[in-house]
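> So you can see what is in the structure, the chains are spelled out below.
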Amino acid sequence: MKVWNDLPSSKIANSFVLANRIARKIEETKGGNEFLAGKKGGLSSGIRRDFVATEFGNRRRDGAKLIFEGPPAQVPADAPFAKDEDGGVTM
Amino acid sequence: MIFRRTAKKFDALPKNIARAYHRCHISKTMGIAVVAMAFDETLNNGGTAIKLAFQRAQSAKIAQKLTKDKKGNVLRKKGDVYLVDCNVTGSGEGTSKGPKFPLMAFFETTVFPEIEKLVKKGGRFEGYTPVIQGDNAGPHNDATFSRYVTDHCKNVGWLWEPQGPQMPHSSFERR
Numbered sequence: 000m001k002v003w004n005d006l007p008s009s010k011i012a013n014s015f016v017l018a019n020r021i022a023r024k025i026e027e028t029k030g031g032n033e034f035l036a037g038k039k040g041g042l043s044s045g046i047r048r049d050f051v052a053t054e055f056g057n058r059r060r061d062g063a064k065l066i067f068e069g070p071p072a073q074v075p076a077d078a079p080f081a082k083d084e085d086g087g088v089t090m
Numbered sequence: 000m001i002f003r004r005t006a007k008k009f010d011a012l013p014k015n016i017a018r019a020y021h022r023c024h025i026s027k028t029m030g031i032a033v034v035a036m037a038f039d040e041t042l043n044n045g046g047t048a049i050k051l052a053f054q055r056a057q058s059a060k061i062a063q064k065l066t067k068d069k070k071g072n073v074l075r076k077k078g079d080v081y082l083v084d085c086n087v088t089g090s091g092e093g094t095s096k097g098p099k100f101p102l103m104a105f106f107e108t109t110v111f112p113e114i115e116k117l118v119k120k121g122g123r124f125e126g127y128t129p130v131i132q133g134d135n136a137g138p139h140n141d142a143t144f145s146r147y148v149t150d151h152c153k154n155v156g157w158l159w160e161p162q163g164p165q166m167p168h169s170s171f172e173r174r
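From first to last, the protein sequence lines are chains S and W. Be aware that the first sequence starts at 0, since it is given in numbering that gives the first Met the number 0, and climbs by one per residue. Be aware that the second sequence starts at 0, since it is given in numbering that gives the first Met the number 0, and climbs by one per residue.
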């Protein structure tokens with residue numbers, strides 16, 4: 000319990016971002032693991048370079064606000080969410 | 000607590016060295032940690048991390064006889080209920096002599112209510128869509144457990160997106 004209580008929230012937040020960036024690397028190599036090799040290879044993804052720790056998580060060092068680019072979330076058609084006029088899901 | 004020599008260890012834990020005739024004489028202790036991260040648009044914006052739950056995999060057992068320690072002190076009497084470390088299963092609760100720790104009950108009584116508290120009306124993260132990502136270990140593939148969680152998530156409008164097995168690095172990027 001001591002480990003759990005002492006674990007900073009920023010570590011958890013950083014791990015989420017890291018998992019996401021590693022998934023991107025795998026995607027870029029089309030499922031391969033070549034990204035682990037080479038001079039700049041490895042699991043490191045510059046998380047501490049890009050993020051600063053806050054009391055409850057992390058935030059970008061440069062303060063930028065990125066917009067999600069990709070397919071919309073596949074929310075079940077009968078999900079109890081409000082839908083906007085275009086049929087998109089309001090979150 | 001005894002660590003495997005090659006295991007990564009958190010510095011705050013003291014390291015004890017003990018001798019055992021066989022590894023089966025070392026009782027196994029498992030724990031389940033559930034964490035979440037609330038973010039807008041993409042994880043690359045950063046966000047708020049939440050510690051949802053931390054639970055030792057234990058179940059209750061009823062003492063079949065009086066048990067004493069080496070000094071003669073009574074540890075438990077016959078009929079006493081005590082907690083024992085046990086294996087994690089999907090939905091099976093085991094037997095009274097060999098209890099198990101079913102994930103289904105853990106999700107039903109702890110994980111889902113904790114998430115509900117956060118995203119319900121007036122909650123800290125009202126309006127967010129929870130995406131639940133299990134690690135797809137063996138117990139997650141239990142048919143009863145799998146059916147229960149997918150049905151629950153579908154009913155409340157959450158997303159159940161388990162990782163590929165042995166792929167802790169896979170993740171999601173939407174809320």
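Errors might be hidden in some of the hints.
Pairwise CB distance ranges (calculated) [to be verified]:
1. N32/S x T28/W: 40 to 48 Å
2. E26/S x P164/W: 32 to 40 Å
3. A142/W x L42/S: 30 to 38 Å
4. W159/W x G69/S: 33 to 41 Å
5. W159/W x V51/S: 26 to 34 Å
6. K69/W x A36/S: 24 to 32 Å
7. W3/S x T143/W: 46 to 54 Å
8. A62/W x K1/S: 26 to 34 Å
9. Y81/W x I66/S: 53 to 61 Å
10. K70/W x F55/S: 27 to 35 Å
DSBU-like cross-link-like pairs, simulated, lysine-lysine; straight-line CA separation at most 35 Å [said to hold, decoys possible]:
11. K69/W x K1/S
12. K10/S x K64/W
13. K24/S x K153/W
14. K119/W x K1/S
15. K96/W x K10/S
16. K50/W x K1/S
17. K29/S x K116/W
18. K1/S x K64/W
19. K67/W x K1/S
20. K77/W x K1/S
21. K60/W x K29/S
22. K70/W x K10/S
23. K77/W x K99/W
24. K76/W x K1/S
25. K10/S x K76/W
26. K50/W x K29/S
27. K153/W x K120/W
28. K96/W x K64/S
29. K64/S x K69/W
30. K96/W x K29/S
31. K64/S x K153/W
32. K99/W x K29/S
33. K60/W x K64/S
34. K64/S x K119/W
35. K99/W x K1/S
36. K120/W x K50/W
37. K120/W x K10/S
38. K116/W x K64/S
39. K64/S x K10/S
40. K119/W x K50/W
Worth flagging that the hints you see were computed from the coordinates, not collected in a lab. Think of the CB as a built atom: it goes at the ideal place given N, C-alpha and C, for glycine as much as any other residue.
> Next, verify each hint and record whether it holds.
Against the structure, the hints come out as follows:
1. N32/S x T28/W: 40 to 48 Å: At 32 Å between Cβs, range violated.
2. E26/S x P164/W: 32 to 40 Å: Given a distance of about 18 Å, which is not inside 32 to 40 Å, the answer is violated.
3. A142/W x L42/S: 30 to 38 Å: Roughly 34 Å apart at Cβ, these two residues keep to the hinted range, so it holds.
4. W159/W x G69/S: 33 to 41 Å: 19 Å, violated
5. W159/W x V51/S: 26 to 34 Å: Roughly 32 Å apart at Cβ, these two residues keep to the hinted range, so it holds.
6. K69/W x A36/S: 24 to 32 Å: 55 Å, violated
7. W3/S x T143/W: 46 to 54 Å: 29 Å Cβ-Cβ, so the 46 to 54 Å window is violated.
8. A62/W x K1/S: 26 to 34 Å: 29 Å, holds
9. Y81/W x I66/S: 53 to 61 Å: 54 Å, holds
10. K70/W x F55/S: 27 to 35 Å: The hint (27 to 35 Å, Cβ to Cβ) is violated, given that K70/W and F55/S are roughly 48 Å apart.
11. K69/W x K1/S: Distance ~29 Å between K69/W and K1/S Cα, so the pair holds.
12. K10/S x K64/W: 46 Å, violated
13. K24/S x K153/W: 31 Å, holds
14. K119/W x K1/S: 30 Å, holds
15. K96/W x K10/S: Not OK: K96/W and K10/S at ~40 Å, beyond 35 Å, violated.
16. K50/W x K1/S: 13 Å, holds
17. K29/S x K116/W: 39 Å, violated
18. K1/S x K64/W: 34 Å, holds
19. K67/W x K1/S: 30 Å, holds
20. K77/W x K1/S: 33 Å, holds
21. K60/W x K29/S: Outside the cut-off at roughly 49 Å; violated.
22. K70/W x K10/S: Not satisfied, since the Cα-Cα distance of roughly 45 Å exceeds 35 Å.
23. K77/W x K99/W: 21 Å, holds
24. K76/W x K1/S: Holds, because 31 Å separates the two Cα atoms, which is no more than 35 Å.
25. K10/S x K76/W: Cα-Cα ~44 Å, so violated.
26. K50/W x K29/S: 33 Å, holds
27. K153/W x K120/W: 19 Å, holds
28. K96/W x K64/S: 55 Å, violated
29. K64/S x K69/W: 63 Å, violated
30. K96/W x K29/S: Outside the cut-off at roughly 49 Å; violated.
31. K64/S x K153/W: Given that 35 Å is the threshold and the Cα spacing comes to 31 Å, the pair holds.
32. K99/W x K29/S: 40 Å, violated
33. K60/W x K64/S: Not satisfied, since the Cα-Cα distance of roughly 52 Å exceeds 35 Å.
34. K64/S x K119/W: Holds, at about 26 Å.
35. K99/W x K1/S: 25 Å, holds
36. K120/W x K50/W: 20 Å, holds
37. K120/W x K10/S: Status holds; Cα separation ~28 Å.
38. K116/W x K64/S: 27 Å, holds
39. K64/S x K10/S: At roughly 21 Å apart (the allowed maximum being 35 Å), K10/S and K64/S satisfy the hint.
40. K119/W x K50/W: 17 Å, holds
Checked against the numbered hints given earlier, the structure breaks hints 1, 2, 4, 6, 7, 10, 12, 15, 17, 21, 22, 25, 28, 29, 30, 32 and 33 and satisfies all the rest.
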